[in-house]
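Start from chain E and add chain V according to the hints.
There are 2 protein chains.
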Amino acid sequence: MELGIAKWEVCLRVIAILFLVSTACLVAFDTQTKVIFLTYSKKATYKDLDALKILVYVTSTAAGYNLLQLCKHTFSALPSISNFKSSYYMYIAWITFLLDQITVYLTFTANSAAFQAAIFALNGSEAFQWMKICNKFTRFCEQIGVAFLCGYIASLLMAVFSTISAYKVLRMYSSKRFMRLKGK
Amino acid sequence: MELGIAKWEVCLRVIAILFLVSTACLVAFDTQTKVIFLTYSKKATYKDLDALKILVYVTSTAAGYNLLQLCKHTFSALPSISNFKSSYYMYIAWITFLLDQITVYLTFTANSAAFQAAIFALNGSEAFQWMKICNKFTRFCEQIGVAFLCGYIASLLMAVFSTISAYKVLRMYSSKRFMRLKGK
Numbered sequence: 160m161e162l163g164i165a166k167w168e169v170c171l172r173v174i175a176i177l178f179l180v181s182t183a184c185l186v187a188f189d190t191q192t193k194v195i196f197l198t199y200s201k202k203a204t205y206k207d208l209d210a211l212k213i214l215v216y217v218t219s220t221a222a223g224y225n226l227l228q229l230c231k232h233t234f235s236a237l238p239s240i241s242n243f244k245s246s247y248y249m250y251i252a253w254i255t256f257l258l259d260q261i262t263v264y265l266t267f268t269a270n271s272a273a274f275q276a277a278i279f280a281l282n283g284s285e286a287f288q289w290m291k292i293c294n295k296f297t298r299f300c301e302q303i304g305v306a307f308l309c310g311y312i313a314s315l316l317m318a319v320f321s322t323i324s325a326y327k328v329l330r331m332y333s334s335k336r337f338m339r340l341k342g343k
Numbered sequence: 160m161e162l163g164i165a166k167w168e169v170c171l172r173v174i175a176i177l178f179l180v181s182t183a184c185l186v187a188f189d190t191q192t193k194v195i196f197l198t199y200s201k202k203a204t205y206k207d208l209d210a211l212k213i214l215v216y217v218t219s220t221a222a223g224y225n226l227l228q229l230c231k232h233t234f235s236a237l238p239s240i241s242n243f244k245s246s247y248y249m250y251i252a253w254i255t256f257l258l259d260q261i262t263v264y265l266t267f268t269a270n271s272a273a274f275q276a277a278i279f280a281l282n283g284s285e286a287f288q289w290m291k292i293c294n295k296f297t298r299f300c301e302q303i304g305v306a307f308l309c310g311y312i313a314s315l316l317m318a319v320f321s322t323i324s325a326y327k328v329l330r331m332y333s334s335k336r337f338m339r340l341k342g343k
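In the order they appear, the protein sequences are chains E and V. The opening residue of the first sequence carries number 160 in this note's numbering; numbering runs sequentially from there. The opening residue of the second sequence carries number 160 in this note's numbering; numbering runs sequentially from there.
With the rest of the complex left out, here is chain E (with noise of 0.2 angstroms):
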């Protein structure tokens, strides 16, 4: 049965990537270039906005993380580290969990920074005269709507493991003695 999650973390994990590296490179890659006035024209890309170069950051470095996560189980996966009550399992799966939480709050505030400029983006703002600028550069703003939807089923599947990840190392304690291991 600890194959079993093992199995599916592992599974949860690739899909994520897949996802992670979708959406840094949909984003990275989206290019428009629309003629303004005869022979003027201006080109879109990501790095006109602070929100989506930070975005592409974030989900790079959570892909990266996640595949060094990866390569941690195959590793693990050795029998003779594989040893629940060792304290080596521990520190592991500590760290694990905090580093597998702060990834997912990083790349769920990443996106929904980046989804909120690009709501500027597609509706402008009355009140501060700001003007829309999706009626320009439509193709640019739908690729970078696939995007966040990546970028948001990655965030769901990290959140799935960062729970597995809780549950890994929390089931170790004691349900009757504060934050005392069992079998102590």
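Keep in mind that the hints were calculated from the coordinates and are not lab data. Treat the hints with care, since some could be wrong.
If chains are identical, the list can't say which one is meant, so a pair holds when it fits in one copy or spans any two.
[Claimed, not checked] Computed list of lysine-lysine pairs in DSSO-like fashion (alpha-carbon distance at most 30 angstroms, straight line):
| hint | residue 1 | residue 2 |
| --- | --- | --- |
| 1 | 212 | 193 |
| 2 | 193 | 206 |
| 3 | 231 | 212 |
| 4 | 291 | 206 |
Same frame as chain E, now just chain V:
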């Protein structure tokens, strides 16, 4: 020791409620009127920006939810209900854990989205020809800044409870068999 953790949780929840209410009030009651030209004046409120409206709703709801959790603590302190092996305890613990997680993510996201909107108001965007707003409504923007700080502190505190809730529910499971409760 169980009482110790319960006391800490109540303490942290009370502090988080104070920060959440502060965020909601600081944003909702923030107004500034500025004379733009002779007799024409403009009033800035949180209603000018959807992200700020959502922040007020989300932080108020999160404060209400945490207040309900405090009430639950008062009831479950009664000896008849606080039987740790009952399935009632497990249901409540799981629901609390899931709701805590959802609340943290929502608060964090609403805060970050509003923060991104505030960055635009502060710096404008050269690429999109969006003008700065905060150079006109400085005091309004400063108050919103303090609200964000409170919102982020509340989010961090709530991330701590959600870990406590996870600890409360997940340590009930066997460390050897998958998703099997201890003592079964």
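Against the structure, the hints:
For a Cα distance limit of 30 angstroms, the shortest separation of residue 212 from residue 193 inside one copy, 21 angstroms, qualifies, whereas the shortest one across copies, 34 angstroms, does not. Within a single copy, residue 193 and residue 206 get their C-alpha atoms as close as 16 angstroms, which meets the 30 angstroms cut-off; across copies the closest is 34 angstroms, which misses it. In this assembly of identical chains, residue 231 and residue 212 lie within 30 angstroms of each other by CA distance solely inside one copy; the values are 29 angstroms within and 43 angstroms between copies. With identical chains, the CA atoms of residue 291 and residue 206 are at most 30 angstroms apart both within one copy (18 angstroms) and between copies (19 angstroms).
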